[in-house]
Amino acid sequence: MRLHTTLAALLCLTSPLLADWRQFRGNDANGVAEGPAAPTTFSDTQNMAWKVELPGRGLSSPIVVGDKVFLSACSGPRQDRLHVICFNAKDGAQLWQRQFWATGRTLCHPKTCVAAPTPCSDGKRVFAVFSSNDAVCLDLEGNLQWCRALAIDSPNASNSLGMSSSPVVVDDTLCVMVECDAESFTTGLDAASGTTRWKLDRPRRANWTSPGIMRGKDGAQDHVLVQSSAGVIAVEPKSGKIAWDYKDGASTTPSLVVSQQVAYVPSHGVTALRQSPTGSDVPEMVWRAEGVNPGTGSPLVFKNALYVVARGGVLNRIDPKDGAKVWQTRLKGDFSSSAVAAGDHLYCFSEDGTGQVITLQDDAGEVTHTHNLGETILCTPAISDGAIYVRSDQHLWKIATK
Amino acid sequence: MLRRPLLFPLLGLFLAASTGSAADLSAPIQALKAIAKDGQGQVEAIAAVRVIEQADAADLPVLLAAMDDANPLALNWLRGAYETIASRPGAKLPTEALTAFLNDRSHLPQARRLAYDTLKSVDPGLEDRLIPTLLDDPSGELRRDAVAYTMKAAEKLAADGKKDEAARKYAAALTGAVDEDQVKKLAEVLKGYDQKVNLVEHYGFLTQWKLIGPFDNKDKKGFDVASPPESELAFDKIYDGLPGADGKPLQVKWRDLASEDEMGLFDVNKLFEKHMGATVYTTTEFDSATAQAVEFRLGTSNAWKLWLNGEQLFAREEYHRGMFLDQYLVRGKLKAGKNVLLVKLLQNEQTEEWAQDWSFQFRVTDFSGRAIHPSKPVAAK
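Those protein sequences? They're chains A and B, same order as listed. First residue of the first sequence? That's 1 in the numbering used here, and the numbers climb one at a time after it. First residue of the second sequence? That's 1001 in the numbering used here, and the numbers climb one at a time after it.
A hint or two may mislead.
Unchecked claim - Ranges of calculated distance between the beta carbons of each label pair, as one might list FRET restraints:
(1) B:Ala-1315 with A:Gly-374: 43 to 51 Å
(2) A:Arg-330 with B:Lys-1274: 41 to 49 Å
(3) A:Gly-312 with B:Lys-1220: 30 to 38 Å
(4) A:Ala-37 with B:Ala-1100: 38 to 46 Å
(5) A:Ala-37 with B:Lys-1220: 48 to 56 Å
(6) B:Asp-1123 with A:His-395: 21 to 29 Å
(7) B:Glu-1096 with A:Ala-37: 55 to 63 Å
(8) B:Ala-1315 with A:Asp-344: 27 to 35 Å
(9) A:Val-326 with B:Trp-1354: 31 to 39 Å
(10) A:His-268 with B:Glu-1273: 34 to 42 Å
(11) A:Gly-312 with B:Asp-1164: 35 to 43 Å
(12) B:Gly-1247 with A:Asp-319: 54 to 62 Å
To be verified - Counterexamples of contact, computed for chain A against chain B with all Cβ distances above 12 Å:
(13) Leu-54
(14) Arg-105
(15) Arg-311
(16) Gly-333
(17) Asp-362
Just so you know, these hints were derived from the structure itself, not from any lab. Idealized CB from N, CA, C, for every residue including glycine.
Produce the complete structure using the sequences and hints provided.
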C-alpha cells in the first residue's frame, strides 16, 4: 500500500514534466515527446485548436510548462525590441508579455532574426536568450528574476549573420553558447541569480548549434555536450569542467542528439560517440556513417531508430547500433527546422509552411498527411500533451484534438 | 555564485527604506542602476527588483525618470519592474504624469517610448493626436511612427488627386526617416514626383577618404600588426607594403579616393586595386561644430579597426558574414573642430565568389540614426 502511494505520488510529481516541452527539441533536447500521441491529420478547420497573432518575428520554438506556452519574438526595424510572451495553452489567450531592449548587435541575415534561440525552463522559471546575447529570466508569472547583457561583458561576441544557439538548463545551470568568429565562449550561469558559474573560451568560428544533454546513467552526473567546428566537449554543468573532448571536428549548423548515453554527432556524416567506460577524457567512437549528412535540421532518435533529414529533404532511417541505412524517403521542400516525434510519427515543417506527418514503419516511412499553413515556418515545433505548437513570424498555432 | 541567505538582509534593507511612496524607491533604484558588466551587482539587483515591483502604479514615472542616466543593462532591469507594476490587474496608471514625461523631449527616448506604449494601451486616440507631431522627435521609434503616419496621409492625398500636397507630405515624411525601409520607399515614391533624393546627403555617408595599402594580411596575421598609419598619418611618405610578384615589398603611398555610389559604398576592389590577404587604411577628417557624442555607423563584410583622434574605438575580426547598412554602431565623442577618423580594413584569402568583397560604408549619426554632417565639408579632390 505504501509502495502504491509512493508510486502514485511520484507519478503526480513527474507527469507534468513528461507533458512539458521545456526547451529546444524538448526536455532532453532530443525531439521526442512523451505522453499522448499528437494529431496525425490537421487542416485550417480540423484539429486546429487555436491560432494567435504574434507581436514580432521569431525562429525560436514555443516551449510548454504546465498549462502555459512561452515564446520569444523580436520587433522594430532593427529588431531591438525583445519579447517574451506567455499564452494559456488551453485557449491561446495571452497571459502576459514582457519586453526588453537589446543591448547587443541585432542586425542579422534576412532569413533569421534576433529571436532565433529557443527559450528554456526549469519548471519554475523561463530563460530567454536572444541573438543580441541578452539573457532574461522571468518566473512563470512574468516577474523579472534577472537579466544579463553578455554583449556588454563581451562586446565582440557576435555574428553578423545572427546567433541562434538555444540554451539548456541542467543542474540549476543555464548553459549558453556564444560562439562566433571573434570573441567566442560558452558560459554557465547560475539559474537562480544569473551570475557566472564558469566561462570557457571556445573555437573562433561561427557556430549555430545548440547544446545537447547526456543524462547521467544510474544517478551519474548529467553532462552538457557542446558541439563546434572543433568537435564536441562534455561539460559538467555546475563546474564547467570538461569531462571528455572529441576533437575530430563537427558541423556548425545541425546539432547532435543523445539517446541512451550515445551522442549522434553531425561529424564526418554522423558519428556515434559514448563516454569511455574507463573514464578517459576521449570518448569512444561507436560507429561512423559518412554517407549520411544532416541538413540544417538536427537528427533525432525515436523508438530505436536514428532519423536524419539530409539536404534536399531526404529522410533517412539509420540503425543506431551500427549506423547502417535502413530506408530513406523524400519529404517535400527545404527545411530549416528539426523533425520531432510523438506516437508513431515524425512531424516536419518545411520552410514553405507545409506540415508533414510521416508514418514510421520498420521497412519504410511514408508521408501520410500534409497541410500548408500558408506562412514561412523556420521553427522546430514543440509537442506537449498530444498537441503540436508551431510558429511563424506572424502566428502561433496549436494543433490538437479539440 | 548566489548565496541565497544574503538576499534576505538586502531585501530587509530595501523594505525598511520603502513604504510605497515614490521617494522611498531611491535605494532599490540605485541598486538596479549599479548593475555592471560581468554580473556585478546582480545579487543586490535581484533583491531591489523584488522591492520595486511592489510599488504603486503612481511610481511608474519615477522608474521612467530613473532610466535617463541608467546603463543599458540597468534599463532592462528597470523596464522589467516597470512592466510588472503596469500590468498588474487594476493598476491605476498615472496618465497625467506619464503624459508629461512623454512630452518632455529631454528624457531618454526609450523611456519616452515606453511611456507612450503605456498610455496608448488606455487611450486609443493618442496616436492620432500625438504621432503626426513627432517627425522631428529625438526618439527614433516615435519618429518612425510619425513617418509611417505621414506617409499614409500622403497616400490618401495622392489617391484624392491632390498631387502637390501629396508630394509635400512625402517630402515632410522623409525629414524624419532614417530606417532603410522607409527611406527607400520614400525615395522611390518621390522619384515619381520628379524629386530625386540625395541618399548620401540624407544618410550622411562620408565619401571622401585618403587610402593607403596594401599591407600584408596573409594568413589573417595583419589584424594585430600595427603598420605605419597606426602611428603616423604622414601623407607624403612612402612605405613598404605587402610583397609583390618579385618578392620585394610594394611601395605604397596615400591616395585620395572618393565614392560616387548613391549609398556611399567605398569598394576597395574597384576604387583601388584587388588584393587578397591584404590590409588598407583609410582616413578622413570630420569637422564638428561642437563637442558631441555620436554614433559611427559602419557597414563592411571585412575585418576592421576604427580610431578616432588616435584612440582605438573598436576592432572586429570577422570576415564575410554579410554586409548591411548600419551593421556596426560604435559610440564615440567628437571634439569641437577637426577630428581624424582612421579605418583599417582587412581582406582575407577566401576563394569563394561571395568572399571577394572588400568594401565599406561609413556615416556619423546621433543615437537615433539621424545624420550628423561635418560643419565643414571635406574638400572634393
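Against the structure, the hints come out as follows:
1. B:Ala-1315 with A:Gly-374: 43 to 51 Å: This hint holds: roughly 45 Å between Cβ atoms.
2. A:Arg-330 with B:Lys-1274: 41 to 49 Å: At roughly 43 Å between Cβ atoms, B:Lys-1274 and A:Arg-330 fall inside 41 to 49 Å, so the hint holds.
3. A:Gly-312 with B:Lys-1220: 30 to 38 Å: holds (34 Å)
4. A:Ala-37 with B:Ala-1100: 38 to 46 Å: The hinted range 38 to 46 Å is violated for A:Ala-37 and B:Ala-1100, with Cβ atoms some 57 Å apart.
5. A:Ala-37 with B:Lys-1220: 48 to 56 Å: This hint holds: roughly 52 Å between Cβ atoms.
6. B:Asp-1123 with A:His-395: 21 to 29 Å: At roughly 28 Å between Cβ atoms, A:His-395 and B:Asp-1123 fall inside 21 to 29 Å, so the hint holds.
7. B:Glu-1096 with A:Ala-37: 55 to 63 Å: For B:Glu-1096 and A:Ala-37 the Cβ distance comes to about 56 Å; the hint holds.
8. B:Ala-1315 with A:Asp-344: 27 to 35 Å: violated (54 Å)
9. A:Val-326 with B:Trp-1354: 31 to 39 Å: The hinted range 31 to 39 Å holds for A:Val-326 and B:Trp-1354, with Cβ atoms some 38 Å apart.
10. A:His-268 with B:Glu-1273: 34 to 42 Å: Between A:His-268 and B:Glu-1273, where Cβ atoms are some 40 Å apart, the hint holds.
11. A:Gly-312 with B:Asp-1164: 35 to 43 Å: violated (56 Å)
12. B:Gly-1247 with A:Asp-319: 54 to 62 Å: holds (57 Å)
13. Leu-54: holds (17 Å)
14. Arg-105: Since the minimum Cβ distance to chain B is about 8 Å, A:Arg-105 lies within 12 Å and the statement is violated.
15. Arg-311: The claim stands: A:Arg-311 keeps its Cβ more than 12 Å from every Cβ of chain B (closest is about 18 Å).
16. Gly-333: The assertion about A:Gly-333 holds, with a minimum of 24 Å to chain B.
17. Asp-362: Per Cβ check, A:Asp-362 is outside 12 Å of chain B; nearest 43 Å; holds.
The earlier numbered hints that this structure contradicts are 4, 8, 11 and 14.
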